[in-house]
Amino acid sequence: MSEPAIRISAMNKFYGTFHALHDVDLEIARGEKVVICGPSGSGKSTLIRCINRLEEHQAGEIEVNGTPLDDNLDHIDEIRRDAGMVFQNFNLFPHMTVLENCTLAPVLSGRLNRAEAEKTAMRLLERVKIPEQAHKYPGELSGGQQQRVAIARALCMSPQIMLFDEPTSALDPEMISEVLDVMVGLAEEGMTMVCVTHEMGFARRVADRVIFMAEGRIIEQGPPDQFFDNPQNDRTKAFLSQIVGH
Amino acid sequence: MTHVIPASVPQPSFAEAIKGRYFSTRRDTIVSLVFAAIAIWLGWSLVNWALVNATFGAGQGDVCRENMHGGACWSVVSARWRIVLFGLYPFEEQWRSGLACAIMVIVAILSCVPWFWSPRRLPVLWVAGFAAFYILMRGGLFGLPEVTEQNWGGLALTVFIFAAVVLLGMPLAIVFALLRRSELPWIANTMALVIDTIRSLPLLSIMFTFAIVLPFVLPGWAIGDKLYRVIAGYALFFACYQAEIIRGGMQALPNGQEEAAKALGMTYWQRIGYIILPQAFRNALPPTINQIVITFKETSLVTIIGFFDVMASGRAASGTAEWNFATIEMYVFVGLIFFVFVFSLSRYGAYLERRLRVGTR
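Those sequence lines, one after another, are chains A and B.
Start counting the first sequence at 1; every next residue gets the next number (the numbering used here).
Start counting the second sequence at 1; every next residue gets the next number (the numbering used here).
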């Protein structure tokens with residue numbers, strides 16, 4: 001099991017002529033929890049979205065669980081099934097109930113039959129503490145509840161890696177902790193996690209490694225204690241002082 | 001205008017409400033009285049014409065002509081309704097045409113029942129309904145005498161053309177909309193060109209082209225009956241408009257919907273079938289109903305190329321020397337038939353909107 005969960009080497013991403021990611025190298029071990037932070041426009045969301053091909057990279061290599069991410073659609077499907085994703089805006093399917101949101105992908109992919117999928121979904125909804133909402137529509141839930149459903153939905157595919165793209169940025173302040181609690185729980189169970197977030201308390205508590213990005217490059221990375229208490233790079237220092245400054 | 005009034009505010013009585021709304025100032029009072037007078041006069045004239053002074057009963061043609069009270073002569077409807085409903089269809093076989101229409105209406109009603117809304121049940125229902133309609137109308141099977149398409153007419157023909165156009169046009173519209181959104185620019189651009197070209201042509205010219213010009217171009221085995229060529233042309237026309245409506249519905253969806261489906265490992269067709277299309281159709285429901293209503297009404301254009309749809313049959317029914325004074329009554333009758341269909345369609349559309357709104361709040 002020495003193979004990393006995610007391996008990115010010399011990856012470059014362009015939007016037209018805009019160079020969004022420069023020569024990114026990153027290895028994430030199984031079970032590792034990585035938090036990526038940085039100013040907006042630094043490429044952190046783009047990076048995480050390249051991992052499951054929501055964005056296509058133009059140069060360099062990405063491997064997830066040993067599967068190379070290339071133009072082979074089977075590889076892309078395999079990687080997407082291995083890596084669950086949670087979005088800033090939840091992106092639940094509004095025309096389906098919470099339960100249907102959770103069972104759709106497992107049933108369509110042939111992983112589980114309907115009964116098994118519903119059982120799994122109910123177990124996971126219980127874990128994110130909203131089993132009683134199973135038959136409601138997403139529009140009837142609060143933002144925090146929707147995001148917890150989104151986490152349960154991703155978990156229903158039994159992913160080995162979870163990608164979080166600013167999962168709490170669209171939430172009202174009083175709902176942030178209910179989502180973070182679920183994420184902490186996941187981390188404690190040993191899930192491999194990559195989180196783009198500004199929740200530095202969460203980073204300090206669960207991250208094995210914090211990565212700071214700016215202008216499409218990884219500027220600095222290290223364990224949270226070192227990263228927060230003794231940052232090396234000036235831009236990291238400036239960024240950290242801005243977030244904790246007020 | 002309904003306003004939600006909190007429970008604590010006392011509701012005004014009926015008389016008070018009337019007074020407040022229509023008679024609160026002198027000018028309001030004058031306007032209300034003038035328009036009330038006009039409305040009463042119009043209503044009274046209409047009732048007089050349509051009911052009080054009207055003549056009913058099948059054998060009353062001569063009565064109508066002689067005692068002209070200025071009232072309507074509904075005898076023409078009693079005498080000639082079969083022509084309107086069945087056109088040139090042979091008299092003793094007209095029960096088949098009636099039954100076929102009834103089957104189509106039942107299929108349409110059934111497909112409004114949510115139980116049938118599954119990707120399997122709905123197509124089965126419509127294909128079966130259509131087959132039953134066709135066998136009944138065309139005959140030549142199960143001992144039913146054959147009646148060729150040239151002799152189809154009246155309401156049955158209108159219903160057939162309408163149902164065939166929507167049924168062929170809707171899947172085609174979905175395909176067009178998907179091609180129009182293709183990631184390959186040459187496909188998307190070609191589709192856009194095709195859609196824009198066909199939308200810029202008058203429906204009439206498309207029908208003419210398909211009915212009259214196409215036989216010169218196509219190989220013999222591909223020509224088919226004129227009726228099917230017209231339906232094909234009309235379906236293409238419908239598909240181009242409906243494709244843009246569906247595309248509009250797709251564009252209203254946030255990107256995140258497709259991304260979330262991708263991230264869950266769903267394939268292209270799964271994303272289209274379970275995530276994109278159901279939501280796109282919901283967004284596009286009002287214009288879709290609109291398009292379907294227009295399509296139903298414009299079926300009467302087929303008269304121009306020699307078909308006796310319900311509109312043409314109506315004109316034929318009052319076109320004889322015996323009944324030529326009763327044109328208006330005949331048009332009212334035909335108008336009523338259109339009204340029944342179009343009004344039910346709109347009510348159904350409104351019901352769908354209410355029902356589908358559940359998930360969007």
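There could be a bad hint or two in this list.
[As the list claims (entries may be wrong)] Each computed BS3-like pair below joins lysine-lysine, with the alpha-carbon atoms no more than 30 Å apart:
(1) K297/B with K226/B
(2) K262/B with K136/A
(3) K226/B with K129/A
(4) K119/A with K136/A
(5) K262/B with K119/A
(6) K119/A with K129/A
[Stated by the list, open to error] Covered by chain B, per the in silico footprint, the following chain A stretches (three or more residues, Cβ under 8 Å):
(7) 71-83
(8) 91-98
(9) 105-114
[To be verified] Pulled from the structure, derived: some chain A residues nowhere near chain B, Cβ distances all over 12 Å:
(10) G16
(11) G41
(12) E55
(13) F87
(14) P159
(15) E178
(16) V184
(17) A238
Treat the hints as calculated values from the structure; they're not laboratory data.
Think of the CB as a built atom: it goes at the ideal place given N, C-alpha and C, for glycine as much as any other residue.
Right, here's what the structure says about each hint:
1. Annotation: proposed proximity of K297/B to K226/B holds, straight-line Cα distance about 20 Å (limit 30 Å).
2. Distance check on the hinted pair: K262/B and K136/A sit about 23 Å apart at the alpha-carbon level, within 30 Å; holds.
3. Proximity of K226/B to K129/A is assessed by CA-CA distance (about 64 Å); at most 30 Å being required, the pair is judged violated.
4. Distance restraint check for K119/A and K136/A: the Cα-Cα separation of roughly 17 Å lies within the 30 Å cut-off, and the hinted pair is therefore satisfied.
5. For the proposed pair K262/B and K119/A, the alpha carbon gap of about 23 Å is at most 30 Å, so the pair holds.
6. Between K119/A and K129/A the CA atoms are separated by roughly 15 Å; this keeps the pair inside 30 Å, and the hint holds.
7. With 4 residues having a Cβ less than 8 Å from any Cβ of chain B, the region 71-83 of chain A passes the three-residue criterion, so the hint holds.
8. For a cut-off of 8 Å, the count of residues in the region 91-98 of chain A with a CB near a CB of chain B stands at 6, and the three-residue condition holds.
9. With a threshold of 8 Å between beta carbons, the proposed coverage of the region 105-114 of chain A by chain B holds, since 3 of its residues qualify and at least three are required.
10. No Cβ of chain B approaches the Cβ of G16/A within 12 Å, the least distance being about 15 Å, so the stated non-interface status holds.
11. Distance check on G41/A: its Cβ is at least 18 Å (rounded) from any Cβ of chain B, clearing the 12 Å threshold; non-interface status holds.
12. Not every Cβ of chain B is farther than 12 Å from the Cβ of E55/A; the closest lies at roughly 10 Å, contradicting the non-interface assignment.
13. With a closest Cβ-Cβ approach of about 6 Å to chain B, F87/A is found to fall inside the 12 Å limit, against its non-interface label.
14. At roughly 9 Å from the closest C-beta of chain B, the C-beta of P159/A falls inside 12 Å, breaking its exclusion from the interface.
15. Residue-level check passed: E178/A sits 21 Å from the nearest beta carbon of chain B, beyond 12 Å.
16. No beta-carbon of chain B is positioned within 12 Å of the beta-carbon of V184/A; the least distance is around 22 Å.
17. Taking the minimum C-beta to C-beta distance to chain B, about 32 Å, the non-interface status of A238/A holds against the 12 Å cut.
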